[in-house]
Amino acid sequence: QQQVKQSPQSLIVQKGGISIINCAYENTAFDYFPWYQQFPGKGPALLIAIRPDVSEKKEGRFTISFNKSAKQFSLHIMDSQPGDSATYFCAAQTQGGSEKLVFGKGTKLTVNP
Amino acid sequence: DTGVSQDPRHKITKRGQNVTFRCDPISEHNRLYWYRQTLGQGPEFLTYFQNEAQLEKSRLLSDRFSAERPKGSFSTLEIQRTEQGDSAMYLCASSSRGSGADTQYFGPGTRLTVL
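Chains as they are written, first to last, in the numbering used here: chain D, 1 to 113; chain W, 1001 to 1115.
The hints are simulated quantities; they were obtained by calculation from the structure and are not laboratory data.
Among the hints, a few may not be true.
Stated by the list, open to error - Straight-line Cα separation of at most 30 Å, DSS-like style, residue types lysine-lysine; simulated pairs:
| id | chain 1 | residue 1 | chain 2 | residue 2 |
| --- | --- | --- | --- | --- |
| 1 | W | Lys-1057 | D | Lys-42 |
| 2 | D | Lys-71 | W | Lys-1011 |
| 3 | D | Lys-58 | D | Lys-108 |
| 4 | D | Lys-108 | D | Lys-5 |
| 5 | W | Lys-1011 | D | Lys-105 |
| 6 | W | Lys-1014 | D | Lys-105 |
| 7 | D | Lys-68 | D | Lys-57 |
| 8 | W | Lys-1011 | D | Lys-108 |
| 9 | D | Lys-5 | W | Lys-1057 |
| 10 | W | Lys-1071 | D | Lys-42 |
| 11 | D | Lys-68 | W | Lys-1011 |
| 12 | D | Lys-42 | W | Lys-1011 |
Keep in mind it's a predicted model, so treat the numbers as computed, not measured.
Here chain D stands alone, though its shape is the one from the complex (with noise of 0.2 Å):
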C-alpha cells in the first residue's frame, strides 16, 4: 500500500518555466510533509516543508501549496534552473514516536538550458 503518491514519474521543464510536482497522501494521522532534492550519488536534502495548518509556504523559488481537505500537496519551482535538476521526493512524517519518513517514488525533473 503505498501511503504517499506522487506524480508525475518524470518532467522536462525549459530555463525560467515553471515545475509542478503533485503528492497525495492517504493517512490522516500525517502531520508534517517536508520536501527533499536529490542528485545522483548523494543523499536526499531537505528542500522545503509544511505542517496542516497552513496552506502556503515559499522560499524563494520553491513553494509548498496544500490541502488538507483534498489530503495533497504540491511543489512548485518558478523560474526553473538547469541546476534544479534533480529527483524530487515528497514525504509525510507523524509526529511522536520515530517520526520516521514515508515517501512518495519520486520525480526526476530536467530543466533544459
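Assemble chain W onto chain D, guided by the hints.
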C-alpha cells in the same frame, strides 16, 4: 556535505556473503534512521534508534538484517546471507529530538550490489 558519513560508499558482494555498513551521524544528534532505496523508488524506512535503543523496525527488516548503535554514536547495519534482492542504496539519516519537526539529514548512502 550534511555531516552524516557512511562507509563504504560502494560494496559488491556475492550472494550468500555477509556485509556490514557503518554510519556516523552528526555528533549531537540522538536519533538515527536507516532507509533503503531501490532504483526508481523513494527511500523506505528500515529502522530507528534513539540514542542506543532500537525503538522501531520495519517489516522490511527480515531476520537477516541486524542494526546496532553502541553507546548512541555510530551505527552499523549488517546483512547476513545476502540475496540479489538486497541490492539497493542503504541510506542513513540523523536528527536531533526537539520541539516540532526535526530535519533528518541524510548521508551519501552505501550502494550494495549482490552478484
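Hints, one by one, checked against the model:
Note on W:Lys-1057 and D:Lys-42: the hinted pairing holds, with a Cα-Cα distance of about 24 Å set against a maximum of 30 Å. Annotation: proposed proximity of D:Lys-71 to W:Lys-1011 is violated, straight-line Cα distance about 40 Å (limit 30 Å). Proximity of D:Lys-58 to D:Lys-108 is assessed by CA-CA distance (about 21 Å); at most 30 Å being required, the pair is judged to hold. Under the criterion of a C-alpha separation no larger than 30 Å, the hint pairing D:Lys-108 with D:Lys-5 is consistent with the structure, at around 15 Å.
A hinted pair counts as satisfied when its Cα atoms are at most 30 Å apart, and W:Lys-1011 with D:Lys-105 qualifies at roughly 24 Å. For a cut-off of 30 Å, the pair hint linking W:Lys-1014 to D:Lys-105 stands: about 28 Å separates their Cα positions. With a CA separation close to 14 Å, the supplied pair D:Lys-68 and D:Lys-57 stays within the 30 Å bound. Of the pairs offered as hints, the one joining W:Lys-1011 and D:Lys-108 holds, with about 25 Å between alpha carbons and a cut-off of 30 Å not exceeded.
Using a Cα cut-off of 30 Å, the hinted pair D:Lys-5 and W:Lys-1057 holds, with the two alpha carbons roughly 23 Å apart. Simply put, W:Lys-1071 and D:Lys-42 have alpha-carbon atoms about 27 Å apart, close enough for the 30 Å limit, and the pair holds. For the given pair, D:Lys-68 sits about 42 Å from W:Lys-1011 by alpha-carbon distance, which is inconsistent with the 30 Å threshold. For the hint pairing D:Lys-42 with W:Lys-1011, the CA-to-CA distance comes to about 16 Å; that is within 30 Å, so the pair holds.
Of the hints listed earlier, those the structure fails to meet are numbers 2, 11, in rising order.
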